[in-house]
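2 protein chains.
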Amino acid sequence: MLSHRLADFIGQIQYDMLPAATVHMARMAFLDWLGSAAAGGLQAPAKKIQAVVKQQGGSPQATLLATGEKISCLNAALANGIASHIMELDDVHRAAIIHAGAAVIPAALAVAEMIRASGRQLLEAIVVGYEVAIRVGEAVTPSHYYFWHTTGTCGTFGAAAAAGKLLGLNKEQLVWALGNAGTQAAGLWEFLVDGAMSKHLHPGKAAQNGVLAALLAREGFTGAMRILEGERGFCRATAPRFDLSKITANLGKQPYKVEENSFKIHASCRHTHPAVDVTLELVARHGLKPADVATIIVRTYRTALDITANHQPATVYAAKFSLPFCVALALQTGRCGLEDFTPEKLSDPVIHDLMSRVSLVMDEELDALHPARWPAIVEIETHSGQVYQGRTDFPRGDPENPVTAEELVTKFHALAAGPWGEQRSRVLAQAVLDLENVVDVADLFQVLSPNHYGRVWHSSCGITQHER
Amino acid sequence: MLSHRLADFIGQIQYDMLPAATVHMARMAFLDWLGSAAAGGLQAPAKKIQAVVKQQGGSPQATLLATGEKISCLNAALANGIASHIMELDDVHRAAIIHAGAAVIPAALAVAEMIRASGRQLLEAIVVGYEVAIRVGEAVTPSHYYFWHTTGTCGTFGAAAAAGKLLGLNKEQLVWALGNAGTQAAGLWEFLVDGAMSKHLHPGKAAQNGVLAALLAREGFTGAMRILEGERGFCRATAPRFDLSKITANLGKQPYKVEENSFKIHASCRHTHPAVDVTLELVARHGLKPADVATIIVRTYRTALDITANHQPATVYAAKFSLPFCVALALQTGRCGLEDFTPEKLSDPVIHDLMSRVSLVMDEELDALHPARWPAIVEIETHSGQVYQGRTDFPRGDPENPVTAEELVTKFHALAAGPWGEQRSRVLAQAVLDLENVVDVADLFQVLSPNHYGRVWHSSCGITQHER
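Sequence lines, in order, name chains A and B.
Going by the UniProt record's numbering, 413 is the number at position 413 of the first sequence; the sequence numbering is gapless.
Going by the UniProt record's numbering, 309 is the number at position 309 of the second sequence; the sequence numbering is gapless.
Worth flagging that the hints you see were computed from the coordinates, not collected in a lab.
Just so you know, not all the hints are guaranteed correct.
One copy or two, it doesn't matter: identical chains are merged, so the pair holds either way.
No farther apart than 30 Å at their CA atoms in a straight line, the calculated lysine-lysine pairs in the BS3-like style are these [as the list claims (entries may be wrong)]: (1) 253 <-> 47; (2) 54 <-> 171; (3) 47 <-> 171; (4) 345 <-> 171; (5) 345 <-> 47; (6) 246 <-> 171; (7) 345 <-> 320.
Let's have the full structure, built from the sequences with the hints guiding it.
Laid out in C-alpha cells, this is it:
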C-alpha cells in the first residue's frame, strides 16, 4: 500500500538524520520560495486573493507575507501559495515537471507558524513535502501533464505530507491525509489558452487543500487508503500511463528529492538560460564590451527556438521570452536579473544593435540531447576577428550545475527588498540561511508585522535563535 | 462558448420569470437540504470539520447550521455542505447522478447570508445552481462517473453559478468563475473501498470551491473561458465520452432542471423505496396487520437485489440496505422513516417473523425497464388466502411520482427537530415554505443562534417578511 509506505517515510524523517547537503537544499528552497512570494505578493492575482481572504477573516495563525498581517492557517497557505507562483522564478523539478515549492512550502510555513514550530521542524516538513510531491509527479509524468497542472495536482500530496509531518500525525492519520489530498487534487491546463490567473490559483489551492486534509486527519476524518494505486484512485483517473514504482523506489534513501531541484537565477524563460549562462561567462572571462561585438551565433535545441526565437519583443514580458534580447542584455550589462527587464532596456539602442547581430541556429546534435540536457553553444566574433566560444549542457541552477548560496541570496534580495525593504529582507535571509537554529518560525516572521519594524531595529533583531 | 451561454442564462434568470412549479421545487429542495444538514451536523464527519473551521476562525458572515454560530462564508459553505451529505437522505437527479443540493445549496446559503440576500434571491441562486450542476453532470455521465464523484466535480460548477448569481457578477466574471470552478473540481470514488468520510468532504469542497471561484471573479481574478469544451478542459480531462449539447439544449427554457429532482422520503437505500411504497399503499388501503400476513413476494430489478437482498441485517445501518427489513418495517409500522431504524426494531420478533415471510424475485420484465424506471411488484397473501398486489414504476419522490409538500415537511421535522428543537424547526419550515417573502435570509437563520431562542419566543418570531 503506497500511502502506508509514504506515511512510514513521512513519520521517520528527522532533522538529525538529514545530510548537510539535504538541509542546505531545503534551506535554499525555502529562501528561493520566499523571494518569489515576496515579489509575487505585489502582483494583481495576489492582491485579488488578499482581498478575498481579508473579507473572510480568521484567527491570527500565520503570516500573509504580502502585508505581514496574521491570518488563518488555511487562508495563509492559499494566499502565499498563489503569490509564490506569479513571478515565474520559482524552483522546478525537471523529471516531475513540478514546482514543488509553490505548493509544499506555503503549506509547511502556515502550519509551522500556527504550531510555533522550530526551523528544524520546518526543514523536515519541506524535505518530506518535496519528496512526496516529486515522487507522485514522477509516477504520472508525462501523460498526466497533458490535462493536469502537476504543481496543483501532485503538489497537493506534498502539501498534505508537509502539514501532516508538522502536525505530528500518526501513520493512520497520514494515510487519511494523503487520501483526502488526492481526492481534492485538481488543476487543468485549460487556463493557458487565455493566460488566465488560474495558473497561480493551482499551487495556492494545493497548499490549502493539503493543509485541510492534514487538519481533518488530526480530527479523525478518514480518507481512502489506496488513493494512489486504487482502481478508482488518482493515478488511474488522471494518467493514461503511470509508473507506481517511482513512488517507492529508494524511498527513504539518500539523496532526497529536494536535492534534485533546479533554481532559476535569471528572470527570463528557462530556455534562454543556457545561452545566457555561456554569454555571461564569455563576457566575464574576456572582458567583452558591446562595441567589440560583430556577430553572435547561438546554437541550441529546437524547443528553445520554438519558444524564444523572437528578435522583436514588443513588451517587457515578451522580452523574457526573447533569446536575442536576453543574450544582448547579458552582453551589455553582465546580468539577466529581474531589475534588468525594464522599458528602458527594451528601447535601448545598444541592446537593439546587439540583438540584430544575434543569429539562432537549431543544432541537431544538441537537439538530440534534449530534454535530458538543455544545451547551448554561443560563438562571439569581435570586430577584430577574434572568436570566443563556450558551451553548457545544463542551465545554471540545475542540480548538475548548481548555483551558490550567494547567488540565491542575491536573487532573494532582488525579489524581496522592494516589497519588504532591505533591512527586513536581510534579517529574513540571514535567518533562513541559519534556519536550523531558529527556535520559533512564527517569531521569525514577526519581522514582517506592520508595526514590528521599529521594534526590530531598536532592539537587537528580535529573532530567537539557538546559542551557537 | 459554453461558459458564455451559461453565464447568459445565470445573468438572465429573475424570480419574477420563474413559474410557480419551479419556485415550489426550489423551495422544497431547500427545505429538504436543510433537514439533511440539520441531522448530518450531529454526525462524526461533521463534528470533525466543525472543529477545524472553529480553529481557523473568521468573520461572522454565515451560519454554521450545526451550532447556530456565525462563521466565514467559505467555512460555512464547507462545513454545511459536508453535514448535508451524511444522512444519505438528500435529493438526487437520476440522469446526472448528482446530489445537486449538497453542493449548490450550502454555497448559495452562505453567500446569501453574507450579502443579506432575500428569499427570492436565494431561490434564483438555487435554480441556476441546480441548472448548471445538473447540465454539466448530464454532459459527462456516465463515463465520468467511473472515477469521479459527480456531486463533488460537477457540483462545483453549480456552486459557482449560485454564488456568482447572488454576488451579481457580470458576464465576464461569471465566465471566470466557471473557469476557476472547473479547474478546482475534484472528488474520486476511491474512498468507497474504505467507506471513508471523503464522500462527505466532496460536496462541502464543491460548495466552498465554487464560492471561492465567484469571490475571486468579483475581484477580477481571471479563469479559463472554455473550461468545459476546451482541448484541456474539464470534459476531455475527466470523461472518455461526453455530450456537450446537453449543457445548452433548451437552456433557459422551462421546465428548469430543479424540477427533475428526486426526493427521498424513506430513510433507507433508494432501491428499497419502490417495494416500500407499494407495501405502504397496500397496508393503508386494506388495513393489513402483521398477524394477517402469510407470505410477501417482492418482484423487482436486478440491481435492487444485488444491493438489498439481505435477510439478516446485523446493524441498523445494514437494515437500511435490507429489502426484507424495510418491507417488514413498512408492514408493521406503516412507516419507513429515520426514527423507525432503531436497535429495538432490529431485534423485534414481529419484524423478524415478517422478514422470514419475504421472498425476493428478480423479474426479467421489470429489470428490462431499469434504470429509466425503478419498478417493483409486491404481492401479499394473508392467512385467510386473500392476495393483495400492487406495482410502482417510480419510487415516490421521483418527478413522475412526486411527494407532497406535507410529506417533505414531515421528513424535515424528523431530521431537524432533534438537533434544533421542535420550535425552531417549525419556524424554519414555515419560513422556507414562504421563502419568496423572506426579506433577509441572514435574519431568518438568527433563529439558530445559541442565544436567540429566548428572544424569538418572547417576541413574535423575529423573522422579517414581506406584507402579504
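Same-copy or cross-copy closeness of residue 345 to residue 171 [CA-CA at most 30 Å]: The answer is neither: 55 Å in one copy and 39 Å across copies each exceed 30 Å.
Within, between, both or neither: residue 253, residue 47 at alpha-carbon 30 Å: Answer is neither; intra-copy 41 Å and inter-copy 39 Å both fail.
Up to 30 Å CA-CA - residue 171 versus residue 246, copy category: within (21 Å within a copy, 45 Å between copies)
Intra/inter-copy verdict for residue 345 and residue 320 if alpha-carbon distance must be at most 30 Å: For residue 345 and residue 320, the Cα distance is within 30 Å only inside one copy (12 Å; across copies 73 Å).
Alpha-carbon proximity context of residue 54 and residue 171, limit 30 Å: between (35 Å within a copy, 25 Å between copies)
30 Å Cα threshold - placement of residue 47 relative to residue 345: within (27 Å within a copy, 58 Å between copies)
Alpha-carbon proximity between residue 47 and residue 171, which holds within one copy, between copies, both or neither at 30 Å: between (38 Å within a copy, 22 Å between copies)
When the structure is compared with the earlier hints, violations turn up for hints 1, 4 and for no others.
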